[in-house]
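**Q** So the chains spell out like this:
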Amino acid sequence: MTTTPDTPAIHTRGLTKHYDEVEALVDLDLEVRRGEVFGFLGPNGAGKTTTIRTLLDLIRPTSGTATILGLDTHADAVEIRRHIGYLPSDLSLYPTLTGRDTITYFANLRGGVEWSHVEELATRFGADLDRKVGELSSGNRQKVGLIQAFMNRPGLIIMDEPSNGLDPLVQQEFQDLMRETAATGAAVFLSSHTLSEVQRAADRVGIIRDGHLVDVEGVHDLRSKAIRRIELVFDAPVGGDEFAAVDGVRDVEVRDRSVLLNFDGHMEELLAAATGHHHLVDITSEEADLEEIFLAYYRDADRPDGAPGGARPDDARRGVGA
Amino acid sequence: MLASIFTKSLRDRWVGEVVGAASIALLLVFTMAIYADIDTSFYYELPAAVLDAVGINPDLGGLSGIAYGSIYNLMGALVVAGIAISIGASSVAGEERDGTLGVLLGNPRSRTDVLAAKVGAMVLLTVLGTAVLWAGGELAPVVLGVDASGVRVGALAVHLGANAVFWGMVATAIGAWTGNRTAASGGAAAAMVGSYLAATLLPLFPAAAGVAQVAPWYWFSGSTPEANGIHVGHLALLVGGAVVLGVVAWVGVNRRDLRDQQGRVTFLDRLRTHPLTQRYADRVAGSTRVSSITAKATSDQQGLLVIVAGILFMLSLYYGPIYNLLPPAFTEALAGFPDTLMAMIGQADMSTAAGWLQAELFSLTIPIGMVTVLASVGAKSLAGEEAARTMEVLLANPVARRHVLLAKAGALVVYAVVLGVATFVGVTIGVLVGGLGVPVANLAAATALGTLLGLGLGAVAFVVGAATGRSRPAIVAATGVAVLSYFAWSFLPLSPSLAGWANLSPFDWYLGGDPLAASMPWGDAALLVGLTVVLVAVAIPLFERRDLRG
Chain A
3 MTTTPDTPAI HTRGLTKHYD EVEALVDLDL EVRRGEVFGF LGPNGAGKTT TIRTLLDLIR
63 PTSGTATILG LDTHADAVEI RRHIGYLPSD LSLYPTLTGR DTITYFANLR GGVEWSHVEE
123 LATRFGADLD RKVGELSSGN RQKVGLIQAF MNRPGLIIMD EPSNGLDPLV QQEFQDLMRE
183 TAATGAAVFL SSHTLSEVQR AADRVGIIRD GHLVDVEGVH DLRSKAIRRI ELVFDAPVGG
243 DEFAAVDGVR DVEVRDRSVL LNFDGHMEEL LAAATGHHHL VDITSEEADL EEIFLAYYRD
303 ADRPDGAPGG ARPDDARRGV GA
Chain B
19 MLASIFTKSL RDRWVGEVVG AASIALLLVF TMAIYADIDT SFYYELPAAV LDAVGINPDL
79 GGLSGIAYGS IYNLMGALVV AGIAISIGAS SVAGEERDGT LGVLLGNPRS RTDVLAAKVG
139 AMVLLTVLGT AVLWAGGELA PVVLGVDASG VRVGALAVHL GANAVFWGMV ATAIGAWTGN
199 RTAASGGAAA AMVGSYLAAT LLPLFPAAAG VAQVAPWYWF SGSTPEANGI HVGHLALLVG
259 GAVVLGVVAW VGVNRRDLRD QQGRVTFLDR LRTHPLTQRY ADRVAGSTRV SSITAKATSD
319 QQGLLVIVAG ILFMLSLYYG PIYNLLPPAF TEALAGFPDT LMAMIGQADM STAAGWLQAE
379 LFSLTIPIGM VTVLASVGAK SLAGEEAART MEVLLANPVA RRHVLLAKAG ALVVYAVVLG
439 VATFVGVTIG VLVGGLGVPV ANLAAATALG TLLGLGLGAV AFVVGAATGR SRPAIVAATG
499 VAVLSYFAWS FLPLSPSLAG WANLSPFDWY LGGDPLAASM PWGDAALLVG LTVVLVAVAI
559 PLFERRDLRG
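Residue numbers (the working numbering), protein chains in the order written: chain A, 3 to 324; chain B, 19 to 568.
FYI, nobody ran anything at the bench for these hints, they're computed from the structure.
Ideal Cβ placement from N, Cα and C applies to all residues, glycine included.
Treat the hints loosely; a few may be bogus.
Unchecked claim - Derived contacts from chain B toward chain A, CB cut-off under 7 angstroms, selection only:
#1 Val262
#2 Val308
#3 Ala406
#4 Thr408
#5 Asn415
#6 Pro416
#7 Val417
#8 Ala418
#9 Asp565
Stated by the list, open to error - Ranges of calculated distance between the beta carbons of each label pair, as one might list FRET restraints:
#10 B:Val37 x A:Arg35: 42 to 48 angstroms
#11 B:Val432 x A:Asp169: 51 to 57 angstroms
#12 B:Ala555 x A:Gly113: 24 to 30 angstroms
#13 B:Lys26 x A:Asp178: 46 to 52 angstroms
#14 A:Asp8 x B:Pro293: 22 to 28 angstroms
#15 A:Asp169 x B:Val265: 42 to 48 angstroms
#16 A:Asp237 x B:Lys26: 55 to 61 angstroms
#17 A:Glu233 x B:Arg490: 39 to 45 angstroms
#18 B:Val432 x A:Asp178: 40 to 46 angstroms
#19 B:Asp367 x A:Gly113: 55 to 61 angstroms
#20 A:Glu33 x B:Val501: 53 to 59 angstroms
#21 B:Arg273 x A:Thr125: 39 to 45 angstroms
Given the sequences, and given the hints that come with them, work out the whole structure.
**A** Rendered as structure tokens:
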């Protein structure tokens, strides 16, 4: 292997995939470093799975190249698979095999794995390996998929929507495992449409929409500009105008004694406005969903020939996009 | 057509029903056309047991007795009832297996509503299939100008339809009680075949003749409705039985817990959980089965393999001894058959034992058995994993696509060898028991060539599946090539100017060298091996270069 610790875990250059007329993936330039959890975030149909299937040589790019651990994804496909783990989205396994048979099958194809590690993973996830996969719920089937992805201590793990069907306790265990894996120097490529999942686990986040990589940034930056949906409740009816004037407030709506608004500014400014002349009784704040963030920040960023979107608050900080 | 559960069930099934019934009607026309020109009296010299077993009715006699008897009385009845069983088994249990019953019952429909809609669709479809058969049966003699007076096609159709509904309800009732589609279709089919055998064979033994009358199949054919018209009592028994089964199904589906989508529990699974057999069964079903891609692929369709290998074994065994039971008139009459008919049954000289085996066993039965398994296995080898979306996770392991392809091709060879060995053992025992005097070496040569032919046709399915990732076109392609090459081999020689083209047919490589009578045609064997090797070699770049489905 030509790999050194500095070689990126994943490196794509101009990766493009067209299906007939549809541009599923356009000019993807992406670098995932070793030792990081990289979140790959985008709504359904954005091109996440197309990217992953191209990286795994299941489908072939229309143009562009990609390397995994310094190896070419097409020419060295088999060698690459020796060093990676993969969990497809909406996992399908052989329904008539038990979990243990399934793991044994894949272990045999790998020329053997450490069974103690498999048992350890099974215990951590609480997986029942003696039942047939066809009889398992989707969450329990997903555990078998996670075990086979982690069992060979891979240098890179690629996972497509891995949390599907997992209960919160197992999700927590899974998040911990991802962090531990990254700490050993391996890379985790986590594709998801759930902002909160990516925020919890990832170091950096790539955002993809309509086949275009819109942005790559640190998860802290993403969080800082995440829009929040805020409801302020007062002891008496108030007007909306004074809140609309606060920097970062939009979509103000007044309902009797409460004010609903979307907010991405500094919280103390909003609180100052709310507590200055009124009696604030209650405040709730929740994360806006991913689509709202996309609409607010990346409305036009995915147009390759379009002008940068006016809705984007700070274009200067963004290196990618138009 | 999606207005209700009833209409959706009709939409899902009507094509199959019409195609099935129309094929039988066409077969009737063909049979009548072929037999119209020949003296058929030799048929009626066959033992009563043989006539009964193939549905031929001596009461009608002549051409009509053979045509309506063998085509409608046996094949038509089995096909229409078989389709009814398939629909009945799917009605409740099929939706449970697919995991769609839950979402169906999420709508404001009771279990009784669902059952009633499904049963209604099954009955209406059976009426439709029966009507097609009826129309075909009335039209065939008119079109061909054959005299079929005295044949009561309507009465036969009514009995046939009632019989089909009865067996469809048996499957519905079993499915409603167990939620197991395999048990429903298997149980009903087994009961139907058992009933058919009881109705046709028991009357041969005077002591047991009375017992035959309680077999439902006897209520269909025992009164020979095609000669005697509708038998009200028997018809009432069939309809009444269907109603009783409907009530049984209604009780069953309403009283039990519905199953969610579930994996199948096979016989081997039961052995794996039993403490006495656990160790041994585990080796076969568990660790050995998943030791390699080839081993796993070999076990994937073990059910189909065991059933077809068993059938091939039984039939191969059966045709040897039966040769001695044929009356002399039968073989003499065959000598006078027109060329076209001889071509259809494989151009064999039936006056010799080797010719008999070729005509009855090697020309059609063995290739059909081989193609049934090997085209299905070949088609599903690669395309099946893509359709099931397991190819992705399989290829996440460090195995090249080429390696997966060759491992699957290896499994295809294993399937072919198992079928070949079962056939060879059966036919060898049959020939030795019957004292037919065909050398074992010739049996081995013919079986080996048949196996290679099946392998070649399986390889056709394999290459199409590898190129497209879809198993349906793969099966269609293999079946199409099989049928075309059969007709090329059997019919082209009838025309002197086209005879040379028959040499291009894989069937000609199989039987053209007369392996049962002459010696092993090594050149033909090499051609068949070459066909498979070339097809698999072609499959490699086709599979390696394309995008996999997922």
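**Q** Each of the hints needs a verdict: does it hold here or not?
**A** Now for the hints, and whether the structure bears them out:
A least Cβ separation of about 34 angstroms between Val262 of chain B and chain A goes past the 7 angstroms threshold, and the interface hint is therefore violated. The restraint placing Val308 of chain B at the interface with chain A holds, with a minimum CB-CB distance near 4 angstroms, inside the 7 angstroms limit. Interface hint status for Ala406 of chain B: upheld, as the beta-carbon distance to the closest one in chain A is roughly 6 angstroms, under 7 angstroms. Taking 7 angstroms as the C-beta contact cut-off toward chain A, the hint placing Thr408 of chain B at the interface holds, the least distance being around 5 angstroms.
The criterion of a C-beta within 7 angstroms of any C-beta in chain A is met by Asn415 of chain B, whose closest approach is roughly 4 angstroms, and the hint holds. The beta carbon of Pro416 of chain B comes within 4 angstroms of a beta carbon in chain A, closer than 7 angstroms, and the hint placing it at the interface holds. The interface hint given for Val417 of chain B holds, since its Cβ lies 5 angstroms from the closest Cβ of chain A, which is under the 7 angstroms cut-off. Restraint check, Ala418 of chain B versus chain A: the minimum CB separation of about 5 angstroms is within 7 angstroms; hint holds.
Of the supplied interface hints, the one on Asp565 of chain B holds, with its beta-carbon coming within about 4 angstroms of a beta-carbon of chain A, less than 7 angstroms. About 60 angstroms separates the C-beta atoms of Val37 of chain B and Arg35 of chain A, a value inconsistent with the hinted range of 42 to 48 angstroms. Remark: the range hint 51 to 57 angstroms for Val432 of chain B to Asp169 of chain A is contradicted by a beta-carbon distance near 42 angstroms. Against the hinted window of 24 to 30 angstroms, the Cβ-Cβ separation of Ala555 of chain B and Gly113 of chain A comes to about 27 angstroms, which satisfies the hint.
Roughly 47 angstroms separates the CB atoms of Lys26 of chain B and Asp178 of chain A, a value that falls within the hinted 46 to 52 angstroms. With their beta carbons about 56 angstroms apart, Asp8 of chain A and Pro293 of chain B fall outside the hinted range of 22 to 28 angstroms. Take Asp169 of chain A and Val265 of chain B: their Cβ atoms lie about 43 angstroms apart, and the range 42 to 48 angstroms holds. Take Asp237 of chain A and Lys26 of chain B: their Cβ atoms lie about 58 angstroms apart, and the range 55 to 61 angstroms holds.
Take Glu233 of chain A and Arg490 of chain B: their Cβ atoms lie about 55 angstroms apart, and the range 39 to 45 angstroms is violated. Between Val432 of chain B and Asp178 of chain A the CB atoms are about 45 angstroms apart, so this pair conforms to the stated range of 40 to 46 angstroms. Judged by the Cβ atoms, the range 55 to 61 angstroms given for Asp367 of chain B and Gly113 of chain A holds: they are separated by roughly 57 angstroms. Taken as a hint, the range 53 to 59 angstroms holds for the pair Glu33 of chain A and Val501 of chain B, whose Cβ atoms sit roughly 56 angstroms apart.
Judged by the Cβ atoms, the range 39 to 45 angstroms given for Arg273 of chain B and Thr125 of chain A holds: they are separated by roughly 40 angstroms.
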